[in-house]
Amino acid sequence: MPLFAIPFPAIDPVAIAVGPFVVRWYALAYIAGLLIGWRYCLILADRPPRLIERRDIDDFLVWATLGVVLGGRIGYVLFYQPGYYLQHPVEALYLWHGGMSFHGGALGVTIAILLFTRARRRAIFAFSDIIAEAIPIGLFFGRIANFINGELFGRETDVPWAMIFPNGGSVARHPSQLYEAVCEGLLLFLLLLFAEHRGARQRPGIVTGIFLIGYAVARMSGELFRQPDAQLGFLVFGTTMGQLLSIPVLIAGIALILWALRRPALPIATPGRAAAR
194 MPLFAIPFPA IDPVAIAVGP FVVRWYALAY IAGLLIGWRY CLILADRPPR LIERRDIDDF
254 LVWATLGVVL GGRIGYVLFY QPGYYLQHPV EALYLWHGGM SFHGGALGVT IAILLFTRAR
314 RRAIFAFSDI IAEAIPIGLF FGRIANFING ELFGRETDVP WAMIFPNGGS VARHPSQLYE
374 AVCEGLLLFL LLLFAEHRGA RQRPGIVTGI FLIGYAVARM SGELFRQPDA QLGFLVFGTT
434 MGQLLSIPVL IAGIALILWA LRRPALPIAT PGRAAAR
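194 is the number of the first residue of the sequence shown in the working numbering; add one for each residue after it.
Don't read these hints as lab results, they were simulated from the structure. Remember, predicted model here, so these are calculated numbers, not experimental data. Where hints are given, some of them may not hold.
Ranges between beta-carbon positions, derived for each pair [stated by the list, open to error]:
#1 Asp351 / Ile204: 22 to 32 Å
#2 Leu386 / Pro441: 23 to 33 Å
#3 Leu379 / Arg348: 19 to 29 Å
#4 Leu228 / His390: 43 to 53 Å
#5 Ser363 / Asp252: 44 to 54 Å
#6 Ala445 / Val375: 20 to 30 Å
#7 Leu279 / Leu307: 36 to 46 Å
#8 Leu235 / Val262: 19 to 29 Å
#9 Ala448 / Phe214: 15 to 25 Å
#10 Val352 / Asp422: 21 to 31 Å
A virtual CB, placed ideally from N, CA and C, is assigned to each residue, including glycine.
Take these sequences, add in the hints, and give me the full structure.
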């Protein structure tokens, strides 16, 4: 063990255990992210420009949950271990074994937003702007859960705050989960909050674009400190799967902002009334 490395705290990944009933910190992170994110979306719906009704946010919670869970799991299976799950297809259903992909979850939520706004006849980007502001909350809790589980740890380093992870061998590593919790969660949340107070939602699509760019930059930067997935390693030009998947996210965010800036700003709706259909 390196002389100044910090031992990983002995945190049981199981938060609650009552007989055979077990609740893991990872599950609590998803629940906290969804519920706190839902409450935050309700607050945003009451703020100008008031383009979306509160009941739409309430009803979308189930859609968002399905999008996150199904998209996250399918994304992990397809992006990170397709060969393994092709040989063991039933295990793709074993969500309790772990294995989720943010990019897959984001795609799942995107599909959920498309279907929901079409069914409710709501403006898609007015709706996605609200949802985008809440996503960093879930990202923050998710990365903290990654840290508690001792997974997705960082690369070898000699920085003073390096840690020895149970599954990372005897070398000191970056606590990259905490880096990502700060960058993808806290800092991205504050960036979107700043955009909110600057009236960015008056041009639907701007906030969504800022989120996409912010996440892509945070993820690609975080991957510089994170150990690549063992089954994949480094890919083309020394990149990781997380970085490659973030490139189209970055491009989509830039394109969306450029598109939104070319459209006129929307009028502010009167309180208690949704202006977008």
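The hints, checked one at a time:
At roughly 24 Å, the beta carbons of Asp351 and Ile204 sit within the given window of 22 to 32 Å. Here the CB-CB span from Leu386 to Pro441 is close to 26 Å, well matched to the stated 23 to 33 Å. Between Leu379 and Arg348 the CB atoms are about 22 Å apart, so this pair conforms to the stated range of 19 to 29 Å. For Leu228 and His390, the hinted distance range of 43 to 53 Å is not satisfied, since their beta carbons lie about 24 Å from each other.
Between Ser363 and Asp252 the C-beta distance comes to about 51 Å, which sits within the given range of 44 to 54 Å. Checking the proposed 20 to 30 Å range against Ala445 and Val375 shows it holds: the Cβ atoms sit about 24 Å from each other. Checked against the given bound of 36 to 46 Å, the beta carbons of Leu279 and Leu307, roughly 28 Å apart, lie outside it. Leu235 and Val262 have their C-beta atoms about 21 Å apart, which keeps the hinted 19 to 29 Å range intact.
Distance hint check: the CB atoms of Ala448 and Phe214 are about 47 Å apart, inconsistent with the given range 15 to 25 Å. The hint said 21 to 31 Å for the Cβ distance between Val352 and Asp422, and at roughly 22 Å that hint holds.
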